[in-house]
Structures are given as structure tokens and as C-alpha cells.
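S.K.: Sequence:
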Amino acid sequence: MRAWLAALLLCLAGAVSAAIQPLEFRDAEEEARFRALTAELRCVMCQNQSLADSDAQIARDLRLQVLELMREGRSDEEIKAYLVARYSDFVLYRPPVQPRTWLLWFGPALVLLAGLVVVTVVVRRRAAAAPATPPAEDEQEW
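The opening residue of the sequence shown carries number 20 in our numbering; numbering runs sequentially from there.
Don't read these hints as lab results, they were simulated from the structure. Built from N, CA and C at the ideal position, the CB exists for glycine as well. It is possible that part of the hints are untrue.
Simulated restraints on C-beta separations [what the hints assert, rightly or not]:
#1 Pro118 / Glu91: 26 to 36 Å
#2 Arg144 / Arg54: 51 to 61 Å
#3 Asp46 / Leu132: 44 to 54 Å
#4 Leu131 / Glu87: 34 to 44 Å
#5 Arg144 / Glu59: 44 to 54 Å
#6 Leu135 / Asp46: 47 to 57 Å
Based on the provided sequences and hints, a complete structural model is requested.
M.R.: Here you go:
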């Protein structure tokens, strides 16, 4: 029984240390490129975290994959294209402007414009419904 418990604890300790162990870079240039690239990519599991900021296991796997692709000699654009092919434009923090992403890019402006139109219509209706002549001085408003 103790042997099984010791084996289980040893396996858990190995898994935890593997998850915490930082990546090793060849030089400062590779590290800077890696950090810049992972900051531009979104974790596919998290709501709004970059690949660099996420603690999810898939983010760790993707960081390792990005580093591996960098070491294969691929450019940043090739790495992004590879990830977009697998995970769609969602993986990019700044997806390209194309017909299928117009709502993403222009949706907030359309909502703001619609809000301005609604406010303008409401203000004009209230102004038209208000009495045109001010009350006499001796009359009370209430």
C-alpha cells in the first residue's frame, strides 16, 4: 500500500514540476520574439487571455508548439497561419478585416450609432410633446 502511495506521489510531483518548469531559450533574441508572438495570440480555451498570460494546459501546449515552430525556422506569419488553420481567426487578437469579421470590427460602432439615433429620436419626441408656451408667472407648475 505504501509503495503505491509513494509511486502516486512521485508521479504527481513529476507532473506538477513539468507544468511549472519554465521554457528554456537559446538566446535573448529568441525569447523576445517568443514573448512578442505569444502576446499576439489568444488562448483558445480562455475568454480573453493571451497565450503568454494563460495558465491553461492547452496554452502551455500551444506555447511549446510555437517555440518548436520557431526553432524549425518558420516566420511569425507562418506560425500565425498554422494556428489560424487549426483554430480559426479566433486565435488572433487582431483578426484580419474581411467580410466574415466585419461585425467584429464594425459592430461596436454600429451599436454606438444606433444608440445615438435612439437618443436623438427620444429627445425630439419629448421636445415636441412639451408645452410650447411657458406658464404665466402667477400660475403654479405643480
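S.K.: Each hint needs a verdict: does it hold in this structure or not?
M.R.: Results of checking the hints against the structure:
| no. | hint | in the structure |
| --- | --- | --- |
| 1 | Pro118 / Glu91: 26 to 36 Å | 33 Å, holds |
| 2 | Arg144 / Arg54: 51 to 61 Å | 54 Å, holds |
| 3 | Asp46 / Leu132: 44 to 54 Å | 50 Å, holds |
| 4 | Leu131 / Glu87: 34 to 44 Å | 43 Å, holds |
| 5 | Arg144 / Glu59: 44 to 54 Å | 47 Å, holds |
| 6 | Leu135 / Asp46: 47 to 57 Å | 52 Å, holds |
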